[in-house]
Amino acid sequence: MMRTKDCSDLRRVTTQDLNAILRWARMWALKSYNCEHCGSDFISGRALKYHFQQKHLGEVHHEKCDQDVLRETPQRHSEPTRDRSTMETHKLHWENLEERNVKYMATKISKTCRMCSRHFGTVLSRENHEIREHHFTARKRAQMSAGFSPHNMLECKGPQELRRFADRHICPASGSQRAACAAEVGALLQLIQESFPVPASRVIQGGSYVKGTDTQGSSEIDIVLLSKASADVNHYFKKQLRDGLETLRENLKRTAYGNRILMGRRTPLSLRFSFLCTESLHSHSVEIMAYYDVLGPTPSTDLKRHLYRKLYLCEDSDEAQLCALGLLPYQVDFVKASVVRLKELIRLMIHWLQTSFAGPTEENKFRRLPSSYSLELLTIYIWERAEKPLSFSLLQGLRAVLKLLVQYVDIDVVWHRHYHRKFPVFVKVNQKRTRPFILDPVNPTVNVCDTCNAWDEVAHVAKLSLRKPLFSGVRAEPPWLFTDAW
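Residues in the sequence shown are numbered consecutively from 3, following this note's numbering.
FYI, nobody ran anything at the bench for these hints, they're computed from the structure.
Just so you know, not all the hints are guaranteed correct.
Restricting the straight-line Cα-Cα distance to at most 27 Å, the calculated cross-link-like pairs of lysine-lysine (DSS-like) are [stated by the list, open to error]:
1) K338 - K390
2) K110 - K367
3) K430 - K312
4) K367 - K390
5) K110 - K142
Could you put the whole structure together from the sequences, leaning on the hints where they help?
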């Protein structure tokens with residue numbers, strides 16, 4: 003009897019302890035206090051207040067560099083220093099920088115307010131700030147996001163009409179026109195190499211034109227001029243390369259192609275301009291960057307791993323962006339290897355991105371939509387989920403991608419062709435991932451979704467798109483049946 007009583011007491015104590023644990027768990031789940039400055043979470047308002055007093059009291063938000071600094075030192079803080087990241091000091095000029103594929107290494111825009119460009123520790127903190135400070139409600143988001151062009155593919159009725167629309171308005175020129183365009187682009191590339199004052203040991207190309215995903219309304223050419231230098235390249239050599247871009251700008255204006263080049267705004271790391279092709283009367287958006295050759299033409303696995311570690315530890319966004327240029331050929335190959343039908347689907351998605359959203363206003367001028375590279379990777383992922391069909395319905399593929407965009411919080415995409423799943427850098431990045439998550443297939447340090455701070459707007463526009471005439475009465479067919487779960 004005594005033993006039975008003891009056991010009963012033990013069971014009673016265990017139940018009490020369990021109830022206490024459950025109460026604490028519910029309290030953690032129901033209430034959380036979030037610090038707007040750094041994104042940390044706390045169990046009580048008192049803990050958050052103590053954290054703020056210890057970590058942030060006396061700080062002010064310095065608009066010029068978008069950082070929190072001591073109240074007594076904002077003027078001294080703004081003085082230029084040799085090690086300060088150029089990109090960090092130009093955050094307020096993001097609205098002047100054209101979104102380009104090679105720019106995804108920049109600071110994490112996903113945590114930046116689309117109204118005032120203030121940076122937060124987490125996406126949730128940024129969204130809470132937009133609601134409280136800018137009254138960015140669901141109704142306001144709906145008013146500011148969608149902006150369908152009068153004549154867009156979503157008004158087509160059926161796959162045949164979509165095919166005719168794509169042939170007429172989306173697909174780039176082919177045959178002799180494409181060959182003439184390639185000849186002019188080749189001549190421009192030769193001219194750039196001759197006009198650049200620093201000898202380039204290697205030139206690599208990227209962009210939608212090179213990958214074969216360009217459209218009639220969007221053709222991008224990325225050119226990277228790489229010079230030989232040792233790994234411990236000094237500050238003077240880096241400055242020489244950047245100054246060389248300014249010299250290149252002036253030299254190109256004086257060439258025979260000068261009247262066909264429209265220079266864009268100056269940016270800290272690149273030279274940008276539009277180049278008019280006379281044969282087919284269309285233009286290419288060109289971006290040129292210069293750096294030393296980090297990897298070389300045939301890097302070993304160890305050298306690539308060393309670069310990954312360097313990118314992961316690098317705190318200078320400019321330096322990381324420039325070092326990552328050596329990975330551009332692998333990014334190009336990943337997309338360029340796609341089958342013809344998949345590239346057609348990618349073009350439809352790029353056209354959708356360009357013709358379905360309202361332009362930014364003065365109120366939301368810091369809004370950033372996904373990069374074309376993000377949509378390319380997402381489309382490839384959907385195609386792989388459908389077991390890589392060589393021939394398929396473009397209408398079904400387009401519907402599948404849009405349905406996933408509606409459920410953007412479920413996007414979680416990783417490839418392991420260039421880095422192993424047990425590689426330490428990948429493991430660390432994967433542990434900290436936040437959705438949507440598309441890890442660059444050739445760079446395990448970059449979530450390409452971080453270039454966008456308006457995924458909620460993308461989801462809203464995708465949902466509206468699925469209600470357009472193009473998708474009226476359309477249901478999932480093999481091999482796209484997996485989309486029914488979305």
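Here is what the structure says about each hint:
1. A distance of roughly 15 Å separates the Cα atoms of K338 and K390; the hinted pair therefore holds under the 27 Å criterion.
2. A threshold of 27 Å between alpha carbons decides the hint, and for K110 with K367 the separation of about 17 Å falls inside it, so the pair holds.
3. Taking the CA atoms of K430 and K312, the gap is about 14 Å. The hint holds against a cut of 27 Å.
4. With a CA separation close to 39 Å, the supplied pair K367 and K390 exceeds the 27 Å bound.
5. A distance of roughly 24 Å separates the Cα atoms of K110 and K142; the hinted pair therefore holds under the 27 Å criterion.
Of the hints listed earlier, the one the structure fails to meet is number 4.
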